[in-house]
Amino acid sequence: MLEKEYLSVSELNSYLSGVIENDALLWDLVVKGEVSGISIHKENIYCTLKDEYSQIFVCGFKLKQKYMPKEGDSVLISGRISYYIKTGKLSFVATEIELCGSGKQYDKFQELKAKLTKEGLFEASHKILPPAFPQRIVVITSKEGAVIKDIYRTIHKQNKSIDVSIYNVSVQGITSVKEIVEAISFLDKQNFDMIILARGGGSTEDLSAYNAEEVVRAIYSANTYIISAIGHEVDFTLSDAVSDLRCLTPTAAGEFVVSQYKNSINKILSSLSIIEKIVNNRLEITKYSIINYLKKISQITQFKIFSVDNKISSLIKTLNLSNPQNLFNKGYFKIKRGEINISSVHDIRENDILSIYGNNGSFVAKVLKKD
1 MLEKEYLSVS ELNSYLSGVI ENDALLWDLV VKGEVSGISI HKENIYCTLK DEYSQIFVCG
61 FKLKQKYMPK EGDSVLISGR ISYYIKTGKL SFVATEIELC GSGKQYDKFQ ELKAKLTKEG
121 LFEASHKILP PAFPQRIVVI TSKEGAVIKD IYRTIHKQNK SIDVSIYNVS VQGITSVKEI
181 VEAISFLDKQ NFDMIILARG GGSTEDLSAY NAEEVVRAIY SANTYIISAI GHEVDFTLSD
241 AVSDLRCLTP TAAGEFVVSQ YKNSINKILS SLSIIEKIVN NRLEITKYSI INYLKKISQI
301 TQFKIFSVDN KISSLIKTLN LSNPQNLFNK GYFKIKRGEI NISSVHDIRE NDILSIYGNN
361 GSFVAKVLKK D
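Once you know that position 191 of the sequence shown is 191 in our numbering, the rest is easy, because the numbers rise by one and skip nothing.
Hints were generated in silico from the structure; no laboratory data involved. Fair warning: there could be bad hints in the mix.
No farther apart than 27 Å at their CA atoms in a straight line, the calculated lysine-lysine pairs in the BS3-like style are these [claimed, not checked]: (1) Lys287 / Lys277; (2) Lys4 / Lys32; (3) Lys86 / Lys42; (4) Lys89 / Lys113; (5) Lys104 / Lys70; (6) Lys262 / Lys157; (7) Lys295 / Lys311; (8) Lys118 / Lys32; (9) Lys149 / Lys178; (10) Lys86 / Lys127; (11) Lys296 / Lys336; (12) Lys296 / Lys311; (13) Lys66 / Lys104; (14) Lys70 / Lys113; (15) Lys143 / Lys157; (16) Lys70 / Lys143; (17) Lys336 / Lys369; (18) Lys295 / Lys317; (19) Lys89 / Lys42; (20) Lys127 / Lys108; (21) Lys189 / Lys149; (22) Lys178 / Lys160; (23) Lys267 / Lys157; (24) Lys157 / Lys104; (25) Lys287 / Lys304; (26) Lys277 / Lys334; (27) Lys149 / Lys262; (28) Lys304 / Lys160.
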């Protein structure tokens, strides 16, 4: 069997580079398009130049010009095509950039943003408060990316009891908008505590699904707390604006989930501590109240006892004064005729037999004569 002739990757890339470098048409070009995903480092510019159907990577080195392009600007870029053999990457190397106005894609973005703002989709009053103890979390992202690993690691490093699931979607491309909308609609009915909408960084085109009106409205209509963690800190999408919380990175979203759990625990512990102090304070107040009541009861009881004791003493004194024996001691006698007490001389008749009672005893006497 004859061995097929072939080219190595390096040979192919070298050939393509030669074709491009030898094409004079590509040496001096002026291309019109819209600036996207721009990054400026000192005098070096990196961005994507696009129209409705295509895009190309642009780099400009040590550009000496007053105008610096912004996201969404419509520009004319003068330069040449370069092919980097090592990576097989085609670039448009800019030598001059001129402003033509704002681009169509940027204008569409601003129009949609203004429309949704007017409808009130981005107002804080529509945002849901986060659950105190998030236990079931689902991440809408691509299973192929590092995003889910970052979120898993961040959450489970601090709290392994939180369940984290993934719902796989295309985060860019033709079907991405449809898949993301369907995912939000489905997961919103599955009783998750939080939904995290996440993906790694990328150009404005890479993140375009998260600026789609359908995705924004799906987030707005959801009853589940939604966190957006799309791209990096410099990236901002309409999904970030409508979500209940925007986190700058997927890792930050994981940190928020754990911190929400921790904060709720700390609030409970703080409340319990306050309740304990209040209860102890009430017990202390009640204790002193009881002691004071007991003191008052003791004082009242002692007063009552003293009062009763005085009354008893007074009664005893009165009884002693009323004791007939005292009269006997003074020389008085008690006279009875039979069972009848004699209280007057008029009650006595001659020949009556009388019983006479005195201090040291009694005796019987007969009335001989009555004066």
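task: Please work out if Lys89 and Lys113 have their alpha carbons no farther apart than 27 Å.
output: This hinted pair is violated, its Cα atoms lying about 34 Å apart.
27 Å limit on alpha-carbon distance, applied to hinted pair Lys287 and Lys304: holds, 25 Å
Distance restraint between Lys295 and Lys311, which requires alpha-carbon spacing of 27 Å or less: holds, 24 Å
message: With the threshold set at 27 Å, check whether the alpha-carbon distance from Lys178 to Lys160 stays at or below it.
response: Judged against 27 Å, a Cα distance of about 33 Å means the pair is violated.
- request: Decide if the proposed pair is consistent with the structure: Lys104 and Lys70, CA atoms, cutoff 27 Å inclusive.
  value: holds, 14 Å
field: Agreement of Lys118 and Lys32 with the hint, judged by alpha carbon distance not exceeding 27 Å
entry: violated, 32 Å
task: Could you grab the alpha-carbon distance between Lys127 and Lys108 and see if it respects the 27 Å cut-off?
output: holds, 25 Å
field: Pairwise hint evaluation, Lys317 against Lys295, where the allowed Cα distance is 27 Å at most
entry: Not satisfied, since the Cα-Cα distance of roughly 33 Å exceeds 27 Å.
- prompt: Under the criterion that the straight-line Cα-Cα distance not exceed 27 Å, is the pair Lys189, Lys149 satisfied?
  reply: Holds, because 25 Å separates the two Cα atoms, which is no more than 27 Å.
- prompt: Does the alpha-carbon distance linking Lys89 and Lys42 stay inside the 27 Å limit?
  reply: holds, 23 Å
message: Lys86 and Lys127 were given as a pair; does the straight-line alpha-carbon distance stay at or below 27 Å?
response: At roughly 49 Å apart (the allowed maximum being 27 Å), Lys127 and Lys86 break the hint.
query: Is it true that the CA of Lys143 sits at most 27 Å from the CA of Lys157?
result: holds, 20 Å
Going down the numbered hints, you'll see the structure goes against 2, 4, 8, 10, 11, 16, 18, 22, 24, 26 and 28, while the others check out.
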